[in-house]
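Undergrad: Each chain, written out:
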Amino acid sequence: MNQLLGFVKKEFTHIFRDSRTMIILFGIPIIQLMLFGYVITTEIKDARIAILDHSNDNVTRELTNKILSSGYFRLEDNLQNEHQIDPIFKKGDVKQVIVYEKDFAQKLEREGKANIQVIADASDPNTAQMLYNYTNGIVQDYTKKKYAGFAIPVQIKSEVRMLYNENMVGAFMYVPGTMALILMLISAMMTSITIAREKEMGTMEILLVSPLKASHIILGKVAPYLLLSIIDAVVVVLLGNMVFGVPIRGSIVVLAFLVVLYITMALSLGILISTVANSQQVALFISGFALMLPTMLLSGFIFPIENMPVPLQILSNLMPPRWFIDALKQVMLKGNGLEYIWPNILILCTMTVFFLALSIKKFRFRLE
Amino acid sequence: MRTILYLLQKEFIQVFRNKAMLPIIFIMPLVQMLILVYAATMELKKVDLTVVDLDLSETTTRLTAKFEASSFFHLTRAQLSSSETDQMLLKGKSDLVVTFPQGFEKDLKRNNEATVQILVDAINGSAAELSNAYLQTVIGSFNQKIRAEMMGVPKFTPPQQVSVIPSYWYNPELNFKFYMAPGILVILVTIIGLFLSSLNLVREKEMGTIEQLNVTPIKKYHFIIGKMMPFLFIALLDLTFGLLVAKIFFGLPFRGNILTLYVFTSLYLFLVMSIGLFVSAISDTQQQVLFVSFFFLIVFIIMSGLFTPVESMPVWAQNLDKINPLYYLIRIIRNVVLKGSGLLDMTRELISITFYGLAMFSLAVWRYRKTV
Amino acid sequence: MKETKAATGPIIQVKELVKQFGAFTAVDHITFEVQKGEIFGFLGANGAGKTTAIRMLCGLLEPTSGALQVAGYDGYHQREAIKRNIGYMSQKFSLYEDLTVYENFRLYGGIYDIPRKERIRKTDELLKKLHLEESRDKLVGGLPLGWKQKLAFSLALFHQPAVVFLDEPSGGVDPLTRRTFWDLIYEAAHHGITIFVTTHYMDEAEYCNRVAIMSEGKIVALDTPAALKAKYQTESMDGVFLKIARNKE
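Chains as they are written, first to last, in my numbering: chain L, 1 to 368; chain E, 1 to 372; chain F, 1 to 249.
Quick caveat, the hints were computed from the structure, so don't treat them as lab data.
Note that beta-carbon positions come from the ideal geometry of N, C-alpha and C, so glycine has one too.
Keep in mind that the hints are not guaranteed to be accurate.
[To be verified] Covered, in the sense of this in silico footprint (three residues per stretch, anywhere, with C-beta under 8 Å from a C-beta of chain L), are these stretches of chain E:
no.: 1; segment: 86–92
no.: 2; segment: 100–113
no.: 3; segment: 142–148
no.: 4; segment: 173–182
no.: 5; segment: 188–199
[As the list claims (entries may be wrong)] Here chain E is said to cover these stretches of chain L; the calculated rule only asks that three of the stretch's residues, wherever they fall, bring their Cβ under 8 Å from a Cβ of chain E:
no.: 6; segment: 28–38
no.: 7; segment: 90–104
no.: 8; segment: 269–283
no.: 9; segment: 296–305
no.: 10; segment: 328–335
Using the sequences and the hints, build the whole thing.
TA: In structure tokens form, the structure reads like this:
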């Protein structure tokens with residue numbers, strides 16, 4: 001037991017001595033949260049547009065003014081003809097061109113109808129659609145006020161309540177996701193690389209012939225990352241709570257249990273990877289490609305799982321972060337307890353046991 | 001100059017001899033491409049809507065039918081108490097719950113007004129907003145309809161109407177995959193280029209083989225270029241495969257000049273690898289390189305405009321993006337592939353990444369020390 | 001033999017050379033000269049400063065102060081020129097294990113600009129001499145340690161440098177292999193190549209023309225093995241070393 005303690009201590013000093021590693025281990029979650037909180041937004045603001053006004057009359061000028069003063073748009077250029085549209089899109093700054101037809105005001109007056117064509121750069125389809133909706137809304141609002149002159153009586157009213165996230169804060173989505181990502185990064189990736197490093201440098205053999213048991217060696221390698229992960233998880237939760245107001249509505253004990261379970265799962269996954277990988281590069285690419293990107297994209301972190309094609313929805317069931325993120329949201333945001341998240345816990349437990357069993361099997365096989 | 005050929009020969013042999021890495025280099029990116037592009041979709045396909053109709057009148061039935069008719073909602077009718085509806089939401093069985101209170105129709109007829117209660121699970125804010133907006137559109141048009149029926153004529157239509165006709169260029173079907181595929185390809189190419197080259201250099205430090213090179217009269221920039229070329233080549237190969245996969249599986253159009261894309265991507269890789277090699281020049285172990293690279297990669301990806309438009313970001317973030325290599329290539333590749341932009345359309349980007357690349361390359365060569 | 005600036009006179013000149021790492025002085029004012037064609041031994045316990053010294057001589061480390069010339073080039077400003085005229089074999093085996101024997105020779109031949117034909121001829125010649133013809137296309141990583149070291153030594157000599165630096169070249173091999181390794185060293189010296197070798201095996205010191213004994217960064221003795229044995233009145237270099245260590249106490 002003393003040997004084990006000594007070994008664990010050595011591993012700790014190794015990691016904590018490297019200030020670069022420490023800065024990054026704690027810098028990543030903080031900066032990532034800040035970026036998600038302050039930078040990532042799908043809201044449109046100051047989108048650059050160009051106007052092609054074939055009519056240039058009072059109405060079109062007034063409409064243009066309305067559009068530009070909405071705050072959504074910023075005028076980049078006034079175009080003279082249709083041929084200028086493609087080149088300006090190709091430069092990539094202008095997202096939408098608004099084209100007024102000839103004799104716009106006259107037509108509107110005499111025929112009661114006039115057309116505006118909105119040409120959108122749909123290489124970004126979401127933005128294109130949103131910009132069109134905004135433009136259309138502004139135009140319709142303008143014509144209603146100008147010509148209809150009366151407010152429409154509303155008959156069926158809706159009383160909408162946005163539950164669990166009254167102010168629609170994006171951080172409610174990103175805090176659980178970031179947690180899943182960071183813990184995966186530290187626990188699975190770093191562990192697998194540390195162990196692969198010992199193998200690559202040939203020092204694993206030395207450790208294996210030492211009186212330390214193999215399981216103790218692994219434990220010693222894993223312990224520092226377990227601690228670091230827990231600290232990071234606390235940092236993420238506190239930061240989310242204090243800076244972005246993400247609540248912890250459920251029980252702290254359940255939350256802590258869930259986090260430790262997930263970390264254990266990630267650590268065993270890291271150990272499994274290291275039994276397969278003989279070099280740090282292989283370990284990195286397996287964990288990088290096979291863990292990081294799916295953690296971000298197949299877990300419901302950024303893209304909701306319900307929207308994916310069915311095969312991917314099935315595949316996402318195999319992604320441990322999916323179950324973690326889901327349970328985390330339930331506990332933190334909805335205040336659910338074990339009676340709701342037990343299936344997630346069961347699945348994560350099963351995965352952990354599976355990964356551990358597989359690595360022990362692989363490990364034995366290697367020694368024989 | 002011949003020296004560099006020998007160095008390149010050595011690097012290529014080593015890369016292709018590493019059997020464990022080959023599948024990772026060539027197959028993983030393609031698999032990732034296939035899975036991730038399908039996964040990365042913002043379109044809401046199916047929203048679980050529960051209708052609790054406590055009125056069971058003609059009006060509520062008709063409105064419920066309207067909800068059901070929309071392909072957007074997956075509708076369940078249920079008679080639930082309010083605690084039961086809470087459960088539906090807590091368990092995540094329903095995203096939206098619409099409740100018609102008792103006496104809904106009576107209210108409508110007597111007071112010309114009735115209120116429907118809508119509960120939205122708003123943890124995913126943007127999805128919640130979108131589905132609520134959709135619900136409101138359905139209710140709005142239903143409003144107009146019953147109003148017309150009750151009043152007889154559509155009086156509320158203003159005499160003058162402006163129709164705003166959208167036309168979506170370059171992607172008329174608003175296919176989100178066309179948007180994501182090039183972006184994800186950039187990430188994959190970056191990971192391959194950045195990590196392979198920087199880990200390779202620092203690995204020589206770890207293994208001690210670099211010492212043998214450092215006592216030779218080898219030129220520093222020869223060495224750095226030797227570390228770049230094989231991975232530039234591999235990354236471009238991966239780009240080619242990725243584009244083919246995107247073409248075959250997603251029907252991604254390729255409007256631009258393929259050569260333009262290769263020129264831009266090569267310049268970009270030169271830049272990214274220079275940054276990577278700079279990091280490995282100042283590090284001693286692969287782990288350190290990894291930490292630093294991962295840190296920046298995550299920040300760069302989040303800020304690159306891969307998921308959300310750069311234009312929506314705060315101004316300071318947009319300014320910061322000027323030093324984000326990914327921002328440039330993601331913008332460039334979407335412009336070239338989808339719109340057919342050429343080198344001249346993007347001279348600003350061209351100049352930026354070229355000079356940025358040269359600066360980082362000089363920094364890497366300068367910081368790589370042949371001394372211990 | 002390549003032209004060097006100092007065709008006559010000492011090939012290595014070191015005067016008051018110092019290397020400090022922070023507050024720690026690894027090499028403390030050492031002064032010596034090595035003549036052309038000499039086998040010069042650098043002795044000392046682990047941590048005595050041998051490796052630091054040899055790294056400065058090879059241009060891998062910049063000295064803190066003092067004068068240093070190798071093959072007529074200055075150790076501060078002409079390190080790249082020094083590198084063209086020296087060979088080096090590090091303590092840790094540092095050939096590419098994932099390249100074959102032949103590929104390693106090809107790479108280093110290329111780096112030193114040896115013409116292709118000459119390189120191929122010399123590679124074949126060397127492999128024959130080392131009885132490694134059959135391993136020509138085997139990966140270096142799979143060879144026994146003794147073979148690897150002979151290979152590393154041959155590679156350090158491949159471009160016919162004026163001086164070869166060997167940093168504890170025979171660590172971890174059996175005495176017989178060590179013996180054959182020293183045969184190679186003699187042969188090189190016979191061809192006029194200067195050998196600078198560090199070791200902590202005292203028996204190896206006997207093979208050198210002259211030895212310097214280092215302790216705590218300083219040179220505490222420098223002479224031929226015979227003269228040193230006479231001075232300290234013992235039969236072996238081991239005895240010399242022990243007496244020096246005792247004197248210090």
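Undergrad: Now tell me, hint by hint, if it's right for this structure.
TA: How the hints compare with the structure:
1. 86–92: Per the Cβ count (4), the hint holds.
2. 100–113: holds (count 3)
3. 142–148: Three-residue rule met by the segment 142–148 of chain E, so holds; n is 4.
4. 173–182: holds (count 5)
5. 188–199: holds (count 4)
6. 28–38: With 6 residues close enough to chain E, the hint holds.
7. 90–104: As far as the segment 90–104 of chain L goes, the hint holds, because 4 residues have Cβ atoms under 8 Å from chain E.
8. 269–283: Result for this restraint: holds, n = 6.
9. 296–305: holds (count 5)
10. 328–335: holds (count 4)
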